[in-house]
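Novice: Listed below are the residues making up each chain.
Protein chains: 2
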Amino acid sequence: MLTNIDVTLRDGGYRNNFSFPRDYALAHAELSVKAGLEWVEIAYRKGSFKPVPGIGPTGRGDDEYIRAVAEVVGPERVGMILHPKNIDRDDLGQMYEAGARLVRICVNAADMADGLETVRTAKALGFTVAVNFTRVTQQDRRTLVHAAAEAAEYGTDVVYLADSNGSLTPDETRRLVTSVGHVVPCAIGLHPHNNLGLALANSIAAVEAGATWIDSSVLGMGKGPGNLPTEQWLAYLTRRDPGAAYDLGSALGLAELLAGRVAESAPELPLPDLLLGWFDLAVEHRARLGNQDIVDQFAAAAALAQVVSAA
Amino acid sequence: MLTNIDVTLRDGGYRNNFSFPRDYALAHAELSVKAGLEWVEIAYRKGSFKPVPGIGPTGRGDDEYIRAVAEVVGPERVGMILHPKNIDRDDLGQMYEAGARLVRICVNAADMADGLETVRTAKALGFTVAVNFTRVTQQDRRTLVHAAAEAAEYGTDVVYLADSNGSLTPDETRRLVTSVGHVVPCAIGLHPHNNLGLALANSIAAVEAGATWIDSSVLGMGKGPGNLPTEQWLAYLTRRDPGAAYDLGSALGLAELLAGRVAESAPELPLPDLLLGWFDLAVEHRARLGNQDIVDQFAAAAALAQVVSAA
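If you read the protein sequences in the order shown, they are chains R and U. Letter 92 of the first sequence, counting from 1, is numbered 92 in our numbering, and no numbers are missing. Letter 65 of the second sequence, counting from 1, is numbered 65 in our numbering, and no numbers are missing.
Just chain R, with the same shape it has in the complex (with noise of 0.2 Å):
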């Protein structure tokens, strides 16, 4: 069985600064729940791993907002994210008591101290717990493992690889789902990107390696070129299981309702976020690559790349 957390309202918010009006927010919840996907991850709590100016409410996550969605769709489909460094003692209890009952836990794999801290006090108050390893195709793949055993160790209930960067490619991404799960006794979650199109083709080999959780956005509206869209995985998944308990309709309703309320959700799959991609080089570096002609762009992630797997 699959369980799948659509992330628009918070990997999408890159796209519109996390401002997605209340009443479309509320209206993504339910038709997202009737699409038949398991969670609905809603926000970030305080913020994103780096200060976003006059950050809108999905990047917030406001203990109101939540208990707002949770009255529409109920609290067992309410999920949320946090970068441990953002959030103080009393956060994972005001959430929980707003009605989320997903968390998870943003951590880079080399320095996760904090991170399993969450992870107990979460478990503790009784969330599903996902711990998020950021970035997985610039972690050392020793270290990967080992931190995520200790992450199931903590009582963790996925451990999700996100691949920050969308490099990549279903053969790597069967290896590293194989890989730690022959380490770790939870769930294997996958957070793929789309900068070289695998996405899909990244969450098939994942779920055939043996992971059970996956993230899409609708119209893949999420960070650079956007995640796995919803609607093409839903449509996968009832196309290989005439019996899988989706709703592809409402999914494609959806799809129409975002393309319709918000501007910034229209696909792309431009030509700078595949040479990121393709070099691995993160959302951030995108600037780097300048204005020039795609030829001289490549060229410099090229150089970009050489500096970067030198550091």
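Treat the hints with care, as some may be off.
Claimed, not checked - Partial chain U-side listing against chain R, Cβ under 7 Å, derived:
no., residue
1, Gly197
2, Ile204
3, Ala235
4, Gly253
5, Leu271
6, Gly290
7, Ile294
8, Phe298
9, Val308
These are calculated hints, taken from the structure and not from any lab test. Small disclaimer: the values here were computed from a predicted structure and weren't measured. Beta carbons are placed, not taken as given, at the ideal position from N, Cα and C, and that holds for glycine.
Fit chain U to the supplied structure of chain R, relying on the hints for placement.
Specialist: This is chain U only, laid out in the frame that chain R set:
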């Protein structure tokens, strides 16, 4: 070793009535070869399956156009495609004389007498010959496998499986390539469409199953929601094998040139096309879905699929 065909000028023609300007077509072919693609399919000979009013040069494939491209990239890169019913006995000889060296013959597996005769003539003239089985998802499998074997007996170099409706999944692709490969000694190719966002995943699956010829088009520009994007395909191949003899920079430069010169090349993955792929309906059915809400189009597609499958 893979052989790749760039089908932009031909399949992309469905987006702009086959009217690529001559200077663009020549520049395109040159960059395509520079990117490392083995063949450039430059046109239909004498039209598509159905007559298209005012069809442009890449829908007609005149000798003079073939000659102009062959002068730039050499005959060994110049491919053409045709429907046997559209040509007369002199066409193949004239095409060869003008400078085409690959010819692809579109056939329906259930009725291929004309196609086989055309294969024989083309082989005798010295062409590399592919038989393209169209709409493979709607073919009876036994008929298709039998027809593929027969095409091979007539000397076909490549049996091409065309996912005209964009309905294949990776599993189905793998099974199809495997079962056809079991009975034909010649090469197998895949012509993917991207309705379900699976063109890349299907191409990877096809190659894993033994296919060695893959079609792609720059920016995915092709009929309906388009083909496998060439730049994604070469990015994948060069990530998989850093020694692969493709020049991703040239492919990206070509994509940028196309985007700048041909407005109809803008990538898109519209929801109604996803519906068509999901229900295995042909692009010709798109108008039948109407302009209503996508949820109502879903219902219309479901009803239409029942009629089509009962026919």
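Novice: Now, for every hint given, state plainly whether the structure supports it.
Specialist: Hint-by-hint comparison with the structure:
no., hint, in the structure
1, Gly197, "holds, 4 Å"
2, Ile204, "holds, 6 Å"
3, Ala235, "holds, 5 Å"
4, Gly253, "holds, 5 Å"
5, Leu271, "holds, 5 Å"
6, Gly290, "violated, 14 Å"
7, Ile294, "holds, 5 Å"
8, Phe298, "holds, 4 Å"
9, Val308, "violated, 17 Å"
Going through the hint list in order, the structure does not satisfy hints 6, 9.
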